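*Asks:* Using the sequences and the accompanying hints, generate a full structural model.
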Amino acid sequence: MLLKAPPSVYQAPKCFVTYGSMGHTDTKQLPRRSKPWSTLMGLGFIHREIYEMLRHHLVVENPPPSYYRVTMSLEQVLQGDFFTEYIKRGNILMLSEGTDSVDNMFTLREGVLTMYLDKETYERAGLVGKPHGAKGNRGLKPRWVVSYDLRSPSMLRGKKGFDRLVYASKKVLNQPLAWLFCNIAESTPHPDPLQQHYPAKFTSSPGVAEVLEVSPVAISVPSSTLAEGDRPDLEMVASDLYEWLSLIRLESPRVRAGDHVDPYLSRYRAPGDASGQMVVCRVSWQGFISTQWVRGLLAALVTKCPPQAWFSLNATEFAKNIYATGNEISLVRPQGASDEYLMWEIKSTE
Amino acid sequence: MSNAGQQATRGLLARAHSPDSVNRIYSEKIQYRTLHLRPSSPPPAAQSARTARRKKRQQEKAKKKQRPAPLSARERRRLGLHDVPREGQKYETYEPLCKLWMGYMREILGRDIYTGGPNAAATLASAEFHGARVEVVRSRCPGRVGIAGIVVRDRKFVMEIITRKRGVKMVPKEGTTFRLTVEAPAPGGEETSGAPDSKTFVFDVLGDQLMVRSADRANRKFKGHFLKNL
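Note that the protein sequences, when read in sequence, are chains A and B.
Taking full-length UniProt numbering, the leading residue of the first sequence gets 1, the next gets one more, and so forth.
Taking full-length UniProt numbering, the leading residue of the second sequence gets 1, the next gets one more, and so forth.
Simulated from the structure, these hints should not be mistaken for lab results.
This structure is a prediction, so every number in the text was calculated from the model and none was measured.
Some hints here could point you the wrong way.
Listed below are the simulated BS3-like cross-link pairs for lysine-lysine, each with C-alpha atoms no more than 30 Å apart in a straight line [unchecked claim]:
#1 Lys171/A to Lys99/B
#2 Lys169/B to Lys170/A
#3 Lys130/A to Lys29/B
#4 Lys29/B to Lys119/A
#5 Lys165/B to Lys159/A
#6 Lys165/B to Lys171/A
#7 Lys228/B to Lys130/A
#8 Lys165/B to Lys160/A
#9 Lys320/A to Lys99/B
#10 Lys228/B to Lys170/A
#11 Lys320/A to Lys29/B
#12 Lys228/B to Lys119/A
#13 Lys228/B to Lys171/A
#14 Lys171/A to Lys199/B
#15 Lys165/B to Lys90/B
#16 Lys14/A to Lys29/B
#17 Lys165/B to Lys170/A
#18 Lys130/A to Lys169/B
#19 Lys119/A to Lys99/B
#20 Lys29/B to Lys160/A
#21 Lys29/B to Lys170/A
Here are some of the chain B residues that sit facing chain A, going by a computed Cβ distance under 8 Å [as the list claims (entries may be wrong)]:
#22 Ala125
#23 Val137
#24 Ser139
#25 Gly146
#26 Glu174
Cβ coordinates follow ideal geometry from the N, Cα and C atoms, glycine included.
*Replies:* Written out as C-alpha cells, the structure is:
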C-alpha cells in the first residue's frame, strides 16, 4: 500500500520592484503608513540586516539589537508574571524552535500567538484552527494553524477560550522548547520574569565593516525611464542593480576593481563602464531583530547620510521553507535624488 | 493535459486576467495540480446501482419477517423509552455504577490488567462500557476534546456521557478517540483494606472502529487493520 507524498505546488519566489519618493522623515515620530515604511513593518522576524554605502561609514547611534535564547514550555509562557508583564503589558517577539512545515512551531508577534501543528497534535489539542499548506489533499495529512490574540480582554484565566488553550498546553503541547526572545518595548519590568528561566543573552554587534574597492556603478535609474514609465527598461535596470548589490553583500571577488577572471568561469560585468574605482563600505548584523529596530536604522540612515551619497539597506526574514529562502526587502536611495528610493520585495510563498 | 484542454483553460483565464497573469496562474496553480474527479476506492463496480437496489430489497424483506415487529425510529422517539429521565441527569447518581464497572473490569481482565498487551485488548473488545469513566482525548472536531465523565448510553454511532457540570453530552464516535481508566489494586493482593490503589490501567478506544451497538459487539471479531488516518 503506497502512501502518496503530500502535494507541493512549487511557486517561485516573486520580486516586486517599486520606485517612489519618500517624504521628510522625522526621527521623533517615525512614519508608519507610507511605503517603504509600511512594507518594512510587514516583515516578521528579521534574521540578517546589512547596509552598504559610499565611502566612509556612518556611525550609527542605535543600540545594537540584543535577544535571548530561553527554554520554556508553552504553559510557562501563558502563566504568571511573564504573561502579565510581557505579553499583556509589554511588546515582545518570540520564535520557537522547529520548522513550520515539519514539526510543531509557535510564534508570538504583537500579542498574537500562532501555532503551526501537525494533524495528530491538532486533533488532540482541541483548539480551532485553519488548514495550512498546499491545497488539494484528499485524505492526506494536512497541517493546521491555530492563532490566538493574547492581548484581547477575553484572554484571562477563568475565561473559556483561554482555559481551553491552557488545557491544551498542559496536556498536549507540554514539551519544553527553545525560544528566541526579543523585547521591543523600551523598558524591562522589575523584577524581570524572564530571568527565572535562565536565558542566554546574545547581542548582535555590527559585523565587520568591510571596505571594498569596486568598479564604479551608477546607482540611479535613468530619468528617461522614469519619465516615460518604461516598464521593461526599469525591470532591466533594477535587476542589474539588484544583482550588483547582492554580489557586494556576498563580498564576491567579481565586483572588485581590476578583477580579471577567465570568461569560461564567469562572464559577469558590472552595469555601466568599468574604469576607475569606487569605495563601498558594508555593515551587517545577524540575529533575532525586530522590525522596529530596522525602522530606526533606516530613519537614521535617511537623515544622517549626506544628500548626494547613496546607501542601500537589506533585511532578510528567517527562512521557513526547505530552500532556506525567507522574505526579504532591499532598499536603495539613489545618488543625486535624496528623497527617492528603489525597493525590491522578495516574497516566497509557503 | 492535451493541447486542446490547455488552450481551453487558458482561454477561460484570459477572459478575466491579463496575458502575463494568465501564464503565471496557469503554470503555478493549475498545470501541476491533480484534479480528483471521483473517489478511487472502493472500486466503482461494487457500487453499481443494481447491486445497491438488490441489497436494499433483501434487507426490507428480512425486516418484514421479524415478529414481533420492532418499533420504528419515530415511534421510539415519541415513546422516549430509552432516554435518560431529567431526574436521572445528575453525576452523583452514576458514581456507584462507575464503581460497579471498575469491579467488573477487574474481574474480566484478571492478571492482564498488570501486563496489558493483545490478551487484554481481545477481552476489552467485547467488554461492556456502560458506567465507564471516560475522557475524549482526540477528535476531528475540536469542540469534543476534553469532555470527561461517565458513560450513560453506548449507542451505535454515539456515546452519551454525563459530565460533572454540564449534564449529558452526546459525543459522536466518528473520528474520536476515548480514553477509559480502570483503577487497579496494588499487585501484592489486598493485604490492608485501606490501601490506596496504586496503579491505573488506561486504554484508548478508537471510535471509528467501534460503530457497533454494544450488544452486537460481544460476538464480533475485530481484525487488525492498517489505519491510514491515525
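*Asks:* Take the hints in turn and mark each one as holding or not.
*Replies:* The hints, checked one at a time:
This hinted pair checks out: Lys171/A and Lys99/B have alpha carbons roughly 26 Å apart, not beyond 30 Å. Restraint check: the Cα-Cα separation between Lys169/B and Lys170/A comes to about 24 Å, which is no more than 30 Å; the hinted pair holds. Restraint check: the Cα-Cα separation between Lys130/A and Lys29/B comes to about 20 Å, which is no more than 30 Å; the hinted pair holds. This hinted pair checks out: Lys29/B and Lys119/A have alpha carbons roughly 24 Å apart, not beyond 30 Å.
Of the pairs offered as hints, the one joining Lys165/B and Lys159/A holds, with about 16 Å between alpha carbons and a cut-off of 30 Å not exceeded. At most 30 Å may separate the alpha-carbon atoms for a hinted pair to count; Lys165/B and Lys171/A meet this at roughly 21 Å. Distance restraint check for Lys228/B and Lys130/A: the Cα-Cα separation of roughly 22 Å lies within the 30 Å cut-off, and the hinted pair is therefore satisfied. Restraint check for Lys165/B and Lys160/A: the C-alpha separation of about 14 Å stays at or below 30 Å, so the hint holds.
Taking the CA atoms of Lys320/A and Lys99/B, the gap is near 52 Å; set against the 30 Å cutoff, the hint is violated. With a C-alpha separation of about 28 Å, the suggested pairing of Lys228/B with Lys170/A holds against the 30 Å cut-off. The suggested pairing of Lys320/A with Lys29/B holds, with an alpha-carbon distance near 21 Å, which does not exceed 30 Å. The hinted pair formed by Lys228/B and Lys119/A meets the criterion: a straight-line CA distance of about 12 Å does not exceed 30 Å.
A distance of roughly 24 Å separates the Cα atoms of Lys228/B and Lys171/A; the hinted pair therefore holds under the 30 Å criterion. This hinted pair checks out: Lys171/A and Lys199/B have alpha carbons roughly 20 Å apart, not beyond 30 Å. For a cut-off of 30 Å, the pair hint linking Lys165/B to Lys90/B stands: about 9 Å separates their Cα positions. For the hint pairing Lys14/A with Lys29/B, the CA-to-CA distance comes to about 14 Å; that is within 30 Å, so the pair holds.
Restraint check: the Cα-Cα separation between Lys165/B and Lys170/A comes to about 21 Å, which is no more than 30 Å; the hinted pair holds. For the given pair, Lys130/A sits about 26 Å from Lys169/B by alpha-carbon distance, which is consistent with the 30 Å threshold. A threshold of 30 Å between alpha carbons decides the hint, and for Lys119/A with Lys99/B the separation of about 36 Å lies outside it, so the pair is violated. With a C-alpha separation of about 40 Å, the suggested pairing of Lys29/B with Lys160/A is violated against the 30 Å cut-off.
For the hint pairing Lys29/B with Lys170/A, the CA-to-CA distance comes to about 40 Å; that exceeds 30 Å, so the pair is violated. Contact between Ala125/B and chain A, as hinted, is not supported at the beta carbon level, the nearest pair being about 23 Å apart and thus beyond 8 Å. Look at Val137/B: its Cβ gets to within about 7 Å of chain A, closer than 8 Å, so that hint holds up. The beta carbon of Ser139/B is positioned within 8 Å of a beta carbon in chain A (closest approach about 6 Å), and the interface hint is therefore held.
The restraint placing Gly146/B at the interface with chain A holds, with a minimum CB-CB distance near 5 Å, inside the 8 Å limit. Hint on Glu174/B is violated. Least Cβ distance to chain A is approximately 13 Å, over the 8 Å limit.
Checked against the numbered hints above, the structure breaks hints 9, 19, 20, 21, 22 and 26 and satisfies the rest.
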